[in-house]
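So for the sequence shown, numbering that gives the first Met the number 0 puts the first residue at 0; every next one is plus one.
No incorrect hints appear here.
The calculated lysine to aspartate or glutamate pairs, modelled on EDC-like cross-linking and capped at a C-alpha distance of 16 Å, are:
#, residue 1, residue 2
1, K300, E374
2, K242, E211
3, K130, D98
4, K123, E110
5, K39, E61
6, K33, E116
7, K68, D108
Computed Cβ-Cβ distance ranges for the label pairs, DEER-style:
#, residue 1, residue 2, range
8, N177, P212, 16 to 24 Å
9, V70, T380, 53 to 61 Å
10, E133, E339, 38 to 46 Å
11, N34, A371, 48 to 56 Å
12, E133, H69, 19 to 27 Å
Please keep in mind that the hints were generated in silico from the structure rather than gathered at the bench. Ideal placement from N, C-alpha and C gives every residue a C-beta, glycine not left out.
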Amino acid sequence: MKLKNLTAYSLLLLSASIYSCKDSSQFTVNGTIKNPGSIKLVYLIEADSTQIKVVDSTTLSEDGKFKFKHVAPYANLYKLRIGSAGGGDQTAGANNVYDLIAKNGDDIDFETDSKDETHTYTIKGSDDSEKIKEFNKISNFYGEKNSKLVAEYQEKSQKLGKQSDSLLKVYMPTFQKNLADYGAAVLKFVNDNKTSLAGFYAATSLDVYKFEPQLVAYADDIKDNFKGNPGVQTFVRQMEKIKPVSVGHQAPDFTVTGIDGKQIKLSDYKGKYVMLDFWASWCAPCRQENPNVVKQYAAFKAKGFNILGISLDKDKAAWQKAINDDKLTWTHGSDLDSFEGPTERLYHIEAIPSNFIIDPAGNIVAKNITGADLEAFLTKTFK
0 MKLKNLTAYS LLLLSASIYS CKDSSQFTVN GTIKNPGSIK LVYLIEADST QIKVVDSTTL
60 SEDGKFKFKH VAPYANLYKL RIGSAGGGDQ TAGANNVYDL IAKNGDDIDF ETDSKDETHT
120 YTIKGSDDSE KIKEFNKISN FYGEKNSKLV AEYQEKSQKL GKQSDSLLKV YMPTFQKNLA
180 DYGAAVLKFV NDNKTSLAGF YAATSLDVYK FEPQLVAYAD DIKDNFKGNP GVQTFVRQME
240 KIKPVSVGHQ APDFTVTGID GKQIKLSDYK GKYVMLDFWA SWCAPCRQEN PNVVKQYAAF
300 KAKGFNILGI SLDKDKAAWQ KAINDDKLTW THGSDLDSFE GPTERLYHIE AIPSNFIIDP
360 AGNIVAKNIT GADLEAFLTK TFK
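Start from the sequences, fold in the hints, and give me the full structure.
Now the structure itself:
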C-alpha cells in the first residue's frame, strides 16, 4: 500500500473511531451567545405536546459559551430560553426562545446574537432542528402577515367608530385567505416531513376541525414512527378514535329520543341527505350559527336537505325554548346528558357546534362546516 493511500486509510479509521466513541446515552448542546450583555442564564426546556417543563439550566461563561448534556428518553422537542425565567435581564434579546429537536447521540451546535432583533440563529448537528427552524419561518411569516392586517384594521376601525362593520367585511376575506394559505403551507410541510418530528409538531398546529381528513391520514402514515414519544402516540390514538366518524366513512347508526318522546334512528334517513347538528341552548356559538342553519334549511329542504338536531342540553325545558326562540323547524332529539350521552360519545363530540353531513348512501361527506362554507357546500350538492 502506498504511503499516500495508507495515510488516507489511517485518517478514515481515526474518523470512524472518533465517531464510534460518540456518547449515545445523552445529547449535547454546545451554545454561543454573541453580545450577551447582562444575560447570565440559559434554560433547557422540554416542550413536547403533553408537557412543558424546565429540565436543566446553566450559567453563561464570560465569553458567552454554554453547554447542556441531557438524557432524552425519546426524540423530543426542546426549547432554549436565553435569559432569566423572570425576565429580569435588560439586554436586548433576553428571554428569546429557540426550538430544537434532540435525541440521544446528537451533538448540537447553537449560535445566536442577543442584539439581533430578528432572532436569527444557526444550529448544526440535528437535521430535525433545521426542519423545525424551517417550519417556524412559515409560521412567523403568516403570523406577521395577519398581525399587520389586524393592526391596520384596528387603526381604521377606531377612526370609523360605529361604521366599522363595513370595514370588517372588507378585511375578513383577506384574513381568511391568509389562514387558508397558512394551512396549505403547513400541510405541505407536514406531508413532506413524515419521518421527522418537525413534521409532527407542525401538524399539531393545524385546526383538527378544518384538517381532520388530512390529519387522520397523516396519523395512519406515522403510527409506526416515533413510538417512544408519548405526544405522538397520544395524537395517533386520538386520530384513530375519530377516524370512524371522519369524512369518507360510513356514519354509525344510533337511536335518540325526540323532543316529543318518540325514538329516532339515523337509519330512518337512509336514501336522503341529512345533517346531524350537535348543539345546545347554552352554547352561544351554536345560537349564533342557528340563523344561518335556518336560512340554509329553508333554501334546500325542498331539494332533499334534512336536518336532525342533536341537543347536548340536560334541561328539556331550556332545549324546547331554544328550539322555539330560534325557529328550528326540523327534527330534534337528545340524550339529555351533555357530552356524556351515547350519541355524543359515538361521534366523539368534544366541542359544539359540530355537524356531519351524510349522503343517501350513509357516508359522511362533510363535517363541521358553517356559515358561508355550509351554503357553498349545499349549493354545489343540490345544484
